[in-house]
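Asks: One letter stands for each residue in the lines below.
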Amino acid sequence: MSERTKSALTFVVSLTAICLVWEYASAQEYVNPLVLPPPSEIGVSLWFFAQNFLGPAEYWRDTWITIQEILLGYAIGVTSAVVLGGLVAEFKVVRRVVVPYTVALNATPKIALAPLFIVFFGFGITAKVVMAAFICFFPVMVNTVAGLVSADDDQMKLMTSLRASRWQTFRRLKMMLALPYTFAGMRTAMAFAVVGAIIGEFFGATRGLGFRIEFAAARLETANLFAFLVVLSLVAYLLYALIEAIERRVVFWSGGLQSQGKP
Amino acid sequence: MTVDESQDKRGLPAVQVRAATKVYNHGAEDEVVALQDIDLDVPEGEVVALLGPSGCGKSTLLNMVGGLVTTTEGEIRVAGSLVTDPSPAIGMMFQRPVLLPWLKVIDNVLLPLKVQGAESEHSQDKANSLIELVGLAGFAERYPSELSGGMQQRVAICRMLIAEPQVLLLDEPFGALDELTREFMDVELRQIITSQGRSAILVTHSPLEAVFMADRVDVMTPRPGRVAGRVEIELGADRSSDLFASDELIAYVRKVRDLIEDAHAEEESAGE
Ligand SMILES: Nc1ncnc2c1ncn2[C@@H]1O[C@H](COP(=O)(O)OP(=O)(O)OP(=O)(O)O)[C@@H](O)[C@H]1O
Ligand SMILES: [Mg+2]
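Residue numbers (our numbering), protein chains in the order written: chain A, 1 to 263; chain B, 1 to 272.
Please note: incorrect hints may appear among the correct ones.
[To be verified] Computed list of chain B residues with no C-beta within reach of chain A, every gap over 10 angstroms:
#: 1; residue: G27
#: 2; residue: E44
#: 3; residue: G67
#: 4; residue: P86
#: 5; residue: I90
#: 6; residue: M92
#: 7; residue: G138
#: 8; residue: S145
#: 9; residue: G175
#: 10; residue: E183
#: 11; residue: M185
#: 12; residue: A228
#: 13; residue: D262
[Said to hold, decoys possible] The following label-pair restraints were derived from C-beta to C-beta distances:
#: 14; chain 1: B; residue 1: A237; chain 2: A; residue 2: L87; range: 49 to 55 angstroms
#: 15; chain 1: B; residue 1: A176; chain 2: A; residue 2: T10; range: 40 to 46 angstroms
#: 16; chain 1: B; residue 1: S81; chain 2: A; residue 2: R171; range: 25 to 31 angstroms
#: 17; chain 1: A; residue 1: K92; chain 2: B; residue 2: H26; range: 21 to 27 angstroms
#: 18; chain 1: A; residue 1: A50; chain 2: B; residue 2: Q124; range: 34 to 40 angstroms
Worth flagging that the hints you see were computed from the coordinates, not collected in a lab.
Note that beta-carbon positions come from the ideal geometry of N, C-alpha and C, so glycine has one too.
Please put together the full structure from these sequences, using the hints given.
Replies: Next up, the structure:
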């Protein structure tokens, strides 16, 4: 049996065990099912979600809206972080202007700005996209800069001895050195983008998975809440796996770096 | 260029260092006189080895010749022209291979041409024949991480040679390799230098390597760095691995070692 099958099998067994104990605890009313519904009820809710995905409640719209918020925010956040990171690493003037602000903003818990964005951009998708972009920005920017300045003396000496122009050195050395760092940041940013979009929805939305979660909580439909959580986790996992797969293809020479930056 | 001029240049040494001085952080409190009044000629087609303790300014001198470090005083000429910037007449090799891990072997070799925008239709063939020359046939499409340290240094040799530089600057090129591999690489590199008619400066910590590779060994002393003595090595231009065990070579190595010891003793007594 391969390592993979063993891990998968262990997971299935442990999950089944947890569900059985949980189900039993619920049946015996050790816990209030309103607070913690049994797995069977969550299963029913998931089935309900599946039926309503294309059906009457049109849950696909909620899922799709949240995915749009995440991806748009992610694209905007990552792009601006890479561009600004490049400018910061290459130009001292830009660095002097920008770095104090990034340090200050990075230290701020970015989620705390969600109400402000709602005030700025209203209850539509924009506020959520901005929130996701904002929270995505920092890990990518910080990592990109760290990567761009990571050339060692020997590598710089090589480029100088080859009479490389500044642009050649940037393109052929620094940019390539930065790629693994940027991707490490992009992995973290993907998880952050989900948080950003959901937080944005919590503070005011009429559609989206975050809205559904809040709605279910407000009406104490805990089983539904769990079902939406499961769907959201699945979405987040798939998006993360997508970035990881792209990373493995693009920066094939690097083993995958750890990222810096906080939400 | 007139016939006269070209004949003029033919007589010139490949590298001329005249009264060169290097002071790092000049004028500041922490200034370091790395080199003082160095004179050094590398005759066309010859290899000069620099030997000396750590910190005596060997790398500094090499970087000055390569145009990577400015000269505080004095002047340096390569093939007759004053060195101010890195010159296409020069190829460099460092202690580490410094290959770019995202490029295949062949693209690493072609890097100097790519950077200069000087790739032509023959470049690929040229790179491939260099790769063959250093015994890496069949590895052109591999990535550096798939190669051993010695193989990576061979790729660095190819990269140094691809733009056909006249002068090679070698800063402990095989210092990170084990002794057997190093001797093997020495033999190969010396053969390439001789057959292609290049000139070279080799920095090394090994008297054995210095004697085997060079037509002249310059022994340096530190604080400030200067040349304390020279040994001409007359072992002929063609050198094979048999030479490593020969009495002649051993005798030269002893001579070089004596010179190092004398220089060291002198420095000790001067320090008291
Ligand atoms: N960039 C620099 N700034 C200040 N001092 C320097 C710099 N580079 C070298 N030095 C100093 O110059 C002196 C000579 O250094 P160099 O690297 O040329 O020695 P080396 O002979 O190559 O030594 P090694 O055998 O260890 O490579 C040393 O005292 C060193 O501390
Ligand atoms: Mg050195």
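Asks: Now tell me if each hint is right for this structure.
Replies: These are the hints, each one checked on the structure:
no. : hint                                : verdict
1   : G27                                 : 23 angstroms, holds
2   : E44                                 : 21 angstroms, holds
3   : G67                                 : 8 angstroms, violated
4   : P86                                 : 5 angstroms, violated
5   : I90                                 : 7 angstroms, violated
6   : M92                                 : 5 angstroms, violated
7   : G138                                : 20 angstroms, holds
8   : S145                                : 7 angstroms, violated
9   : G175                                : 13 angstroms, holds
10  : E183                                : 24 angstroms, holds
11  : M185                                : 19 angstroms, holds
12  : A228                                : 27 angstroms, holds
13  : D262                                : 33 angstroms, holds
14  : B:A237 to A:L87: 49 to 55 angstroms : 54 angstroms, holds
15  : B:A176 to A:T10: 40 to 46 angstroms : 44 angstroms, holds
16  : B:S81 to A:R171: 25 to 31 angstroms : 29 angstroms, holds
17  : A:K92 to B:H26: 21 to 27 angstroms  : 23 angstroms, holds
18  : A:A50 to B:Q124: 34 to 40 angstroms : 57 angstroms, violated
Against the hints set out earlier in the document, violations occur for numbers 3, 4, 5, 6, 8, 18.
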